[in-house]
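Engineer: Chains as they are written, first to last, in our numbering: chain A, 18 to 475; chain B, 28 to 507.
Take these hints with a grain of salt, some might be off.
Pairs of lysine to aspartate or glutamate, EDC-like flavour, derived with a Cα cap of 16 Å [stated by the list, open to error]:
(1) K430(A) - D274(A)
(2) K387(B) - E190(A)
(3) K282(A) - E424(A)
(4) K445(B) - E190(A)
Looking from chain B toward chain A, a few residues come up when the C-beta cut is under 10 Å (computed) [to be verified]:
(5) K445
(6) L449
(7) E473
(8) E478
Keep in mind that the hints were calculated from the coordinates and are not lab data.
Every residue, glycine too, gets a C-beta built ideally from N, C-alpha and C.
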Amino acid sequence: MPINVLMPALSPTMEKGNLAKWLKKEGDPVRSGDVIAEIETDKATMEVEAVDEGVLAKIVVPEGTPDVPVNELIALIAAEGEDPKSVSASGQGATPPAPSPQASAPPAAAPTPASRPAAPAAAPQPSAAASPKPNGARHNRLFASPLARRLAKEAGLDLAMIKGTGPHGRIIERDVKAALAGGAPKAAPQPAPMPAPAPAVARPPAPAPSAPSDAQVKALFAPGSYEEIPHDNMRRTIARRLTEARQTIPQFYLTVDCEIDALLKLREEVNKAAPGAREGKPAWKVSVNDMVIKALALALMRVPDANVTWTEGAMLKHKHADVGVAVALPGNGLITPIIRAAETKTLSVIAQEMKDYAARAKERKLKPEEYQGGTTAVSNLGMFGIKDFTAVINPPHSTILAVGTGEQRPVVKNGQLTVATMMSVTLSCDHRAVDGALGAQLIGAFKELIENPMGMLV
Amino acid sequence: MADPYDILVIGAGPGGYVTAIRAAQLGFKTAVVDREHLGGICLNWGCIPTKALLRSAEIYHYLQHPKDYGLTIEGKVGFDAAAIVKRSRDVSARLSTGVGFLMKKNKIDVIWGEASIEAPGKVTVRPATRSVQGPPAPAPKGALGPGSYQAKHIIIATGARPRVLPGIEPDGKLIWTYFEAMVPPAVPKSLLIMGSGAIGMEFASFYRTLGAQVTVVELLPQILPAEDAEIAAFARKRFEKQGMTIITGAKVTKVEKAENSITATIDDGKGGTRTIAAERLISAVGVVGNIETLGLEKLGVKTDRGTIVTDGLGRTNVPGIYAIGDVAGPPMLAHKAEHEGERCVDAIKGLHAEPLDKNKIPGCTYCHPQIASVGLTEARAKEQGFDIRVGRFPFVGNGKAIALGEPEGLVKTIFDRKTGRLLGAHMVGAEVTELIQGFVIAMNLETTEEELIHTVFPHPTLSEMMHESVLDAYGRVIHV
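So that you can see chain A by itself, here it is in the shape it has in the complex:
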C-alpha cells in the first residue's frame, strides 16, 4: 500500500500552510530523513522530512499552493516493491505516518517557532498516544516527575509508553494528561514492557472499522430503559487490548479432550498429604487449575519452540514458562496475574501463589510486575459448567489455553463404551509465531501430562 504524506502541523496552532517547494520530483527515491518539501507559515519556513522509504510516486499538491490545510494529502510514497506508477491514495480513515517537521532554525533568520510545540496535547500531529515508543528501550531508568508517576499509576498508564516533553525528555504532568486524553496504551491488565515493542503497539493504528457512534448506539434504546455506567480504566483496557489482539493476531484454535480421572485422584492424594490436612488446616490445597498451569508450563518446556513471542524484528524464545492465569473480578472485570517460571514450581507453590494472587486481584491490589508480561495463559470457565470455548490471546503471549469443565462422559476405550471424567481444552495460537503442527505438539504434550499426571511430580 502506498504511504500517504500529509500536510504536517508545524506548531500546535497551525491550521494551514503554504507548500513552498518540492525538493524531490516524482520518481525520486526517498529515504527516511530526506527533506522532501518546504512548508511556509506566517512565521517560518520549515522542512518536511520523510519518515518512510520508497519512491515519491505522486505529488498531489503542487509547489506554490497557498493555504493547504493540515493533514491534507500532499504526496504519495510508493513502498519498496510497489509500482510507483500504479499507486493511489489509500483509504480514508487510515492514519499514515506523517512526515516529521523539523525546524530549520537559522540562527538569525525570520522568527522561528519554538523547536517543539508548546502544548503537545493540542497538536494535531500524531501525538504520544498515536505513535508511542517505549521510553525505556535504551535506558533502564525512566525519567518522570513524581506527579507524572503518580498520575500514570492511578490511571493505569504505562510510563514507558508515554513520550516526555519536559527537560531532557522527562515525562511531566501534561504528558500523562495528553496520553490520557489520547487513549495511550495502558498498563493494566497485561501490556508487557518488552525488549522490543509489542507488535500491536508499535504499528500505526489499523484502519478503524467504522463503529457506530455512542449516540447512534444509544438511539437504539428507549431513553430511561438503561443505566449508563462510565467505563473504568480496566474496562477500557480490556476493550482496547482484546480488540487489538483480534485485529492484529492471526489466531487459530486446537481442541482436545483430556481424561482427568487420574489427575483427580492424584489431586486428592496430594491434598490429603498436606501437613495439617487432618486438623482442617491444610498447608496447601491444589486445584485442578493449578495442575493445568503446571502441565501447560511443562508442555512448553517439552515443546520449547512454542514458548515464544512474535516481534517485528525477531522471535523471542523464552527460557521459562510464565503462565498468566485469568482471574475474574467481582462484578465484571478481569486481570491476569502470572506464575513465573511455573515449570520450576511445585504444585503446592503454584497453589499458594494463585491463592494470594486471586485474593489481591479481587481487591485490585496486584502490582504491575505481577500481571505484566508472561509467555502463555490459562483461562478456565470450567467452574461455570462451560464445556468448551475459545479464549482471546493476550499479547505478548503466543498461546492461551481455554479450559472447560470436567464432566463424566461416555467414551470408547479399546472398543468398549465406558464412562470417564473428561475435560475439553482449546488452545488459541498466534499463527505468526506458532504454526499448526507446533501448536498440535504443544497441546499434545499438555494432554499427555494431564492424563499421566505423575509426570508433573518429578
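Fit chain B to the supplied structure of chain A, relying on the hints for placement.
Structural biologist: Same frame as chain A, now just chain B:
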C-alpha cells in the same frame, strides 16, 4: 550606518539587560537601548533601593527594642533620613555600574536615548528629553549615541510606570509615586497610601517603622489582594498592631491639597464617606506598560489594555518585533521579565523554549512581616474545583523563629487531595522571601507531598516550618 545587530533590546531593566546577556551568550550581535539608567526601575527606583530603605528601617526597629535581646543602648537611637536615602541611592548606583560592566563583558553595545521602531528591523534613537528625576541622565562611558540602528530582531522591554488616577495626579510634592517616596527629604509625620499591593505595603512598613502615622486605603476587601486571604488577614493584624490604620473596600474619591498637607475624601464602599488629612499621599495603585513612544500603532503591533500582546515566547503579531517583561503583561515582576527575555531569545535561536507558567512565578513583599507566595491561593484552588488539603504551621512552633525573636508568622501549603500535587504555598513572617524558592523548585519539579515529606530540612532553620506545614496537610505535623 553600522552593521545591523542580530538582536536589539529596548530597555535596560532587569528584563532587557538579562535578555541582552542571554542573546550575547548565544552568539548574537546584541545592543541594548536605554534612556536613563542601566538596571531599569527595579535596580534604580524599585526592588533594590526599597530593600536598602527597608533594611535601614529593620535595623532601626531592632535598635528600638534592645532589651528583647539582652542589650542596652546608651543615649537615644535615631535616624538621619538623608543618610538612609543616600545609602539606598549608593546601593542602586553601585549595581547600575555593575550592569554596565556586564554589558561590556558580554560585548553588548549600550545605546543611550529614546528608541522608537520605524519598521521591523529599524530603530531610531533620539536624545532623551528627561529622566524620571528631571534632566536627562548622562550617558554611561562608552555608550553609543542617538542615530538609526538596524536589527533583525527587536525586543521591547520598556517596562512600566506608576498608574495615575484622574484627579489624584502625582505632583512630586504632596502626592507621591514610588519615585518620590524613595527619596524623601524628610519622613512625613503622616502619610496616606492608596493601594495595598507590594509597593504600597513596603512603603507603609518603611514609613511606619520610622514613626509616620500611616493610613492605607485599599479598594478591594483585603490588603495584598494577590495573596491568600488568610495570609493577608494575618499580615493585616500585624500591621494594625504596629499602629497602621487600614481601610479596605474603600476608595479615595477626592484629594484636596493645602500648603503642606492633603485632605482625602474616602468612600467606604457602604455609602459613607470620611476625610483623612495627611502630610503626604503615596499613590501605589499599580503600574501600566510603557508602550506609547515606540511607534507601535504605526507598525500595527497588537496591544491590549496598555500591554503588548505576545504568544508567550515574546513574539508579537509583527514578525521581528518581540516584547517581554512588564510591557508584555502581568505579573509585572523583575524575575518574570528575566525569564521571558531568556525564553524569547532561546526561541529566536531555535532552542527549545516554552512559555512561562505564570502559576509558578513566586511573589515577594518585603514589608514587616514579609510575605511570600507561589501558586494558587486557597480560594483560587477551590474556584478551580480542586479538592484540597491545607497545611499550616505557625512560627511560634519553630525553634529558630523563637531564637530569632520572630514568633509571628505562618506557613501555609495547599495540596490537591487527589494527586498530592503542591498547588500553592503562602508565607508570612521573618525571612519568608528567602524561603519561598524551596516551594517554587518543588512545584517546578512536580513533586508531590511524598517527596516533600521525605526531604530532610536542616535543623534549626526557619525552613523546617515548610516541612511541618506539609506534614500538617497530611495529618502528621510534629511541633504543634
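Engineer: Now tell me, hint by hint, if it's right for this structure.
Structural biologist: Taking the hints in turn, this is what the structure says about them:
1. K430(A) - D274(A): Holds: K430(A) and D274(A) sit about 14 Å apart, inside 16 Å.
2. K387(B) - E190(A): holds, 14 Å
3. K282(A) - E424(A): Holds. K282(A) to E424(A) sits at ~14 Å (cutoff 16 Å).
4. K445(B) - E190(A): holds, 14 Å
5. K445: holds, 8 Å
6. L449: Since the shortest Cβ distance to chain A is 9 Å, the answer is holds.
7. E473: Holds, because the Cβ-Cβ distance from E473(B) to chain A comes to roughly 3 Å (cut-off 10 Å).
8. E478: holds, 5 Å
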